[in-house]
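Chains as they are written, first to last, in the working numbering: chain A, 394 to 665; chain B, 94 to 253; chain C, 143 to 893.
Just so you know, the hints here were simulated from the structure itself, not pulled from any lab data. Keep in mind that a hint or two might mislead.
25 angstroms max Cα-Cα, derived DSS-like pairs, lysine-lysine [to be verified]: (1) B:Lys95 - A:Lys422; (2) C:Lys881 - C:Lys396; (3) C:Lys881 - A:Lys580.
Now the stretches of chain C that chain A is said to cover, found in silico as 3 or more residues with beta-carbon under 8 angstroms [stated by the list, open to error]: (4) 245-257; (5) 802-814; (6) 817-827; (7) 875-884.
What you are looking at is a predicted structure, and each value in this text was computed from that prediction instead of being measured. All residues carry an ideal CB built from backbone N, CA and C; glycine is no exception.
Residues per chain, in single letters:
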Amino acid sequence: MIPAPFSYRRAGTVEEALDLATEAGEDGKYLAGGHSLLPLMKLRFAVPEVLIDIGRLAELSYIRDEDGHIAIGALTRHHDLEYSALLAAELPLLAHAAGRVGDPQVRHRGTIGGSVAHGDAASDLPAVALALDATLVARGPSGSREIAATEFFRGLFETALEPGELLTEIRIPKPARRGWSFQKFTKRAIDWAIVGVVVQGGRVALVNMGSVPMRAAGVEQALAAGAGPADAAAHAAEGTNPVADLGASTAYREHLARVLTTRALAEAASRN
Amino acid sequence: MKVAISVNGRQVEAEVEDRLLLAHFVREVAGLTATNIGCDTTSCGACTVLLDGESVKSCTVLAAQADGHEVTTCEGLAGADGQWHAVQQGFHAEHGLQCGFCTPGMMMAAVSLLAENPNPTEEEVRTGLEGNICRCTGYHNIVRAVLAAARDGQPAQEAS
Amino acid sequence: MSIMGTRVLRTEDPRLITQGGVYTDDLRLPELTGAAYVTIVRSPVAHALITGIDTSAATEMPGVVAVLTSADLPAAPEGGDPTAEPLLAADRVRYVGEPVALVLTEGRYQGEDAAELVSVDYDLLPAVPGIEAALTGETLLFPGTENNILGTGTAGEGDDVNFGGCEVVVERTVVNQRLAPVPLEPRAMAAAWTGDRLTVWSSTQNAQLARGAIAGAIGLDPALIRVIAPDVGGGFGAKVAVDRDAIAVAWAAKHTGHAVRWIETRSENLVGMVHGRGQRQTYKIGGTRDGRVLAYHLDVVQDCGAFNRLGVFLAQLTVLMAAGVYDFAHAGASFRAVATNATPIAAYRGAGRPEAAAAIERAMDDFAAEVGMDPAEVRRINVVPPDKFPFTTATGATYDTGEYAAGLERVLGAAGYPALRAEQARRRERGDTVQLGLGMSVYVEITAGDMSGETARVVVDGTGAATVFTGSSAHGQGHHTAWAMLVQDELGIPMESITVVHGDTDAIPEAIGTFGSRSLQLGGTAVVQAAGVVKEQARRVAAEMIEAAEADLELDTAHGTWQVRGDPASALGWGQIAERAGPDGLAADARFDASAPTFPFGAHLAVVEVDTETGKATLVRHVTVDDAGRILNPVLAEGQRHGGIAQGVAQALLEEVRYDPDGNPLTSTLVDYAAITATELPSFELVASETPTPINPLGAKGIGEAGTIGSTPAVLNAVIDAVSHLGVRHIDMPATPEKVWAAINEARAAR
Numbered sequence: 394m395i396p397a398p399f400s401y402r403r404a405g406t407v408e409e410a411l412d413l414a415t416e417a418g419e420d421g422k423y424l425a426g427g428h429s430l431l432p433l434m435k436l437r438f439a440v441p442e443v444l445i446d447i448g449r450l451a452e453l454s455y456i457r458d459e460d461g462h463i464a465i466g467a468l469t470r471h472h473d474l475e476y477s478a479l480l481a482a483e484l485p486l487l488a489h490a491a492g493r494v495g496d497p498q499v500r501h502r503g504t505i506g507g508s509v510a511h512g513d514a515a516s517d518l519p520a521v522a523l524a525l526d527a528t529l530v531a532r533g534p535s536g537s538r539e540i541a542a543t544e545f546f547r548g549l550f551e552t553a554l555e556p557g558e559l560l561t562e563i564r565i566p567k568p569a570r571r572g573w574s575f576q577k578f579t580k581r582a583i584d585w586a587i588v589g590v591v592v593q594g595g596r597v598a599l600v601n602m603g604s605v606p607m608r609a610a611g612v613e614q615a616l617a618a619g620a621g622p623a624d625a626a627a628h629a630a631e632g633t634n635p636v637a638d639l640g641a642s643t644a645y646r647e648h649l650a651r652v653l654t655t656r657a658l659a660e661a662a663s664r665n
Numbered sequence: 094m095k096v097a098i099s100v101n102g103r104q105v106e107a108e109v110e111d112r113l114l115l116a117h118f119v120r121e122v123a124g125l126t127a128t129n130i131g132c133d134t135t136s137c138g139a140c141t142v143l144l145d146g147e148s149v150k151s152c153t154v155l156a157a158q159a160d161g162h163e164v165t166t167c168e169g170l171a172g173a174d175g176q177w178h179a180v181q182q183g184f185h186a187e188h189g190l191q192c193g194f195c196t197p198g199m200m201m202a203a204v205s206l207l208a209e210n211p212n213p214t215e216e217e218v219r220t221g222l223e224g225n226i227c228r229c230t231g232y233h234n235i236v237r238a239v240l241a242a243a244r245d246g247q248p249a250q251e252a253s
Numbered sequence: 143m144s145i146m147g148t149r150v151l152r153t154e155d156p157r158l159i160t161q162g163g164v165y166t167d168d169l170r171l172p173e174l175t176g177a178a179y180v181t182i183v184r185s186p187v188a189h190a191l192i193t194g195i196d197t198s199a200a201t202e203m204p205g206v207v208a209v210l211t212s213a214d215l216p217a218a219p220e221g222g223d224p225t226a227e228p229l230l231a232a233d234r235v236r237y238v239g240e241p242v243a244l245v246l247t248e249g250r251y252q253g254e255d256a257a258e259l260v261s262v263d264y265d266l267l268p269a270v271p272g273i274e275a276a277l278t279g280e281t282l283l284f285p286g287t288e289n290n291i292l293g294t295g296t297a298g299e300g301d302d303v304n305f306g307g308c309e310v311v312v313e314r315t316v317v318n319q320r321l322a323p324v325p326l327e328p329r330a331m332a333a334a335w336t337g338d339r340l341t342v343w344s345s346t347q348n349a350q351l352a353r354g355a356i357a358g359a360i361g362l363d364p365a366l367i368r369v370i371a372p373d374v375g376g377g378f379g380a381k382v383a384v385d386r387d388a389i390a391v392a393w394a395a396k397h398t399g400h401a402v403r404w405i406e407t408r409s410e411n412l413v414g415m416v417h418g419r420g421q422r423q424t425y426k427i428g429g430t431r432d433g434r435v436l437a438y439h440l441d442v443v444q445d446c447g448a449f450n451r452l453g454v455f456l457a458q459l460t461v462l463m464a465a466g467v468y469d470f471a472h473a474g475a476s477f478r479a480v481a482t483n484a485t486p487i488a489a490y491r492g493a494g495r496p497e498a499a500a501a502i503e504r505a506m507d508d509f510a511a512e513v514g515m516d517p518a519e520v521r522r523i524n525v526v527p528p529d530k531f532p533f534t535t536a537t538g539a540t541y542d543t544g545e546y547a548a549g550l551e552r553v554l555g556a557a558g559y560p561a562l563r564a565e566q567a568r569r570r571e572r573g574d575t576v577q578l579g580l581g582m583s584v585y586v587e588i589t590a591g592d593m594s595g596e597t598a599r600v601v602v603d604g605t606g607a608a609t610v611f612t613g614s615s616a617h618g619q620g621h622h623t624a625w626a627m628l629v630q631d632e633l634g635i636p637m638e639s640i641t642v643v644h645g646d647t648d649a650i651p652e653a654i655g656t657f658g659s660r661s662l663q664l665g666g667t668a669v670v671q672a673a674g675v676v677k678e679q680a681r682r683v684a685a686e687m688i689e690a691a692e693a694d695l696e697l698d699t700a701h702g703t704w705q706v707r708g709d710p711a712s713a714l715g716w717g718q719i720a721e722r723a724g725p726d727g728l729a730a731d732a733r734f735d736a737s738a739p740t741f742p743f744g745a746h747l748a749v750v751e752v753d754t755e756t757g758k759a760t761l762v763r764h765v766t767v768d769d770a771g772r773i774l775n776p777v778l779a780e781g782q783r784h785g786g787i788a789q790g791v792a793q794a795l796l797e798e799v800r801y802d803p804d805g806n807p808l809t810s811t812l813v814d815y816a817a818i819t820a821t822e823l824p825s826f827e828l829v830a831s832e833t834p835t836p837i838n839p840l841g842a843k844g845i846g847e848a849g850t851i852g853s854t855p856a857v858l859n860a861v862i863d864a865v866s867h868l869g870v871r872h873i874d875m876p877a878t879p880e881k882v883w884a885a886i887n888e889a890r891a892a893r
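For reference, chain A alone in the conformation it holds in the complex (with noise of 0.2 angstroms):
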């Protein structure tokens, strides 16, 4: 319940916390809202000998309307998200799924960088990133790029970000089909998904259905070639590998995925 004994650094500015990330190396990582990685550390499952603090960016907390795109600061915590008017407006999908991540503590602190470079598959917003064919935009020391979201997950826990670099925004389209719909099946309201189907007109996303945050590509190709809703949500499955633990097992979770996105895409169809 202690974390490991750790040094504590700030950061004033970006600048300032690429360069300690530089100086402390694989020994150091970011803290931004602090609650995918400080439960690790109180575990000792993670025990990183150098925090670089960068809660206090508040450069990094905006949601902008940049015209034909959202741009989100990656410090623009789940709360903010979930009462913003202008993701109400332009990305409900975003807006409604940020309001469904842990509880109004958590979102109280938790970030949608935090979140999205964590890269866990069980979270929600990594699979809402996919859905609505976000840009992650890095920064690190030899300067900034822009990483599709379909190129960002890359294994278990494992994100596109070199060490130190730092996400700085999410950039995300404004949807051409506004359809949508979020569906993230627990048995308690406060679990981690046992599986989630995120859908964004004709891009269907899942929640713990393998190592990474997927793309239901089966789906997608059914909806493009004009299946209905039941017939192309038989495809979730397709491609994935949930895991089999505690929550579910992996014909559950097949099963679910399939109902729920069948479920998705009947709401999502409705909101058109």
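Please arrange chains B and C on chain A, whose structure you already have, making use of the hints.
Chains B and C in isolation, oriented as in the chain A frame:
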């Protein structure tokens, strides 16, 4: 490292370990033990305080992160004249506590909930308190307490 | 007007709401200044020989005060019980979480750092992760024993129940799963020497029993131990007396002479605090097609965990209560209690009785399904009728009073049962995805079954204030409010002038404490009796003061004054009388020993919706009668019912302790152990019902566990009922979405 945190309006400064959790800062450094620790996975909410007016689980915030900010705990809910906050009144009137261990955190979560949603439905209260576990009450009277607090007004206005 | 039976808000609340309670880890007493923090090093494996413990790295860490292992304990006497539980594991460990060493540090945060440095070598043994493995006897937990059976027993006709004449017999093996009590305050203890006495602060339900346990275990005269229960953040039976972890902490104080304090983490609590339930049950129920049950047999295998803390006792209660509320011509039950490489099992809200109710109520629904009758009708036919009390069941329990059929009718009426069945029928006909399920239970339980009595002392001082010293030990129940109500009613002293003291062996040397829903009926009665003696003392003193005959005096409880009947001018107050009585005022001790336990009862009706595609069940309504005799304070009684119901629902739908085949716990954090939250529960619909008992002058039975006992079977029955039209006959608890889905698939495949 040195931190300075305003706790219930009082400035508390101390030299602390970098890894000190805000929950322990409140309990051990500021000496306010109403805020309790009930788990180690950010699940139970017993440690909930307000950080700059918003509910957070103080076990998952470093004191360092709260440095220079304002923390409100259960002990800071009542008015300066001792007048109970509407949430406190509600919890008493509706028997919303039994052993009392989850109560400070539950009340702070409720205060934050009502600040963001002054007129919640029963369902919104239950969802709003999803981050707080109570083992004694079955939540029935906690929900009534929060709804009563919502009905009966804002802090320091109604006679108790 | 009497305060008895009225809604009185709690006197405990103001302090708890404004300052918070003072739980053991909140103590900031001078005696504990500089106390060392204790961190327990626990076994990470389920079954192994300890081949070496290296404490050198830990001992050398700055801030470490001491590192203690079983080598520091006095040697256990030869020839003792081979299944006895040590304070610290010596040559082997038998469950993940078993204490192996203690680390004492100056600073709180150093504890985990130092504990990581203690190096223990384990030689793994095959694990016995559960009941099935224990029964094979392939691996024995205790060398020198013949098998893993720690105890056996029977009730009624045992295993020779007569099923003659039964047209229909249903047999099924079901699970009553292991649960974790999860009080919000984990276990905690502090201890410090004051002179030659050891003062112990313990998060306990029984300070006096704790003192005895500590004294015996660490070899200290009980007179040299003072145990204080500070505010306790929930117990639910799991904090009865004190367990080995806490005793080891007290021993550390004795051994080192150092003040110590300890609080476990939640992860430790989920493997180190006792678990509850844990039975494999096989029921056999037989009767005729008109719904009359003729015979019932229950076979119980009780998982004790690695040591028999209370496993055998729990199973004894289960077989005693096996017949439930029913008048069966033939019934019998038997149990085997087995050792497994898992956390020891002891009392958890209901302690043996939920298990009995769950089995018989599942069996009644099973029987009803077999004979094609409404489960309410089958129950009506078989419950003990009201004119047969006191009633001795076929399994040997004698119930004092009960109105079982009436309770069922009231609950069905309050729920609108016919309309619900009609709605269910409509949804079935339409083939709705979301189906409706109705489940009921009619239950009885045994409270104050320990038959050990309770103590009280009432003192009135020269200011007219009263102090009640009670043997009961509240941890959320509101005894201070309730006992003050009793004294106000008896003596006319207003509640604001009454202080209640509990949980301190100096103030209350002899007591049993709180568990088994015994406190109001035993502790409350003792308070009333002590107050009664004080009343008579006062009468004698007042008679002297007024110079009147005692028979002419009356106590005006509305004003708290004594006077000659019809002569208000003669009135004297309590303060005056107490002052006259002497420097110690008026004081009386009482001890109440009931002649028998009492048997609360009730009926629950649960309404669930089941999404037949995902299997997820949602409890939408829960209606109950929980009859515990005469209610002193409905506010408190309702609170106990709510809390009990929630925990019972949790067992039916969500919670379960699970181990892997190697005995590693899979549910050792609150992320994985699905403790129920507000979003899974509706508001409850409570129906009032009071059928008094003649066993005590208050007419009271115990309400604390009744809600739990009634709710679990009602909710499980409801989930099964929701999908019974698809061919499902049973689902084991917890009825998680996947289990419901699997049951539906299985039933479909069988068609």
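Hints and how they fare:
no., hint, in the structure
1, B:Lys95 - A:Lys422, "holds (21 angstroms)"
2, C:Lys881 - C:Lys396, "violated (51 angstroms)"
3, C:Lys881 - A:Lys580, "holds (12 angstroms)"
4, 245-257, "holds (count 5)"
5, 802-814, "holds (count 5)"
6, 817-827, "holds (count 4)"
7, 875-884, "holds (count 5)"
When each numbered hint is compared with the structure, a violation occurs for hint 2 only.
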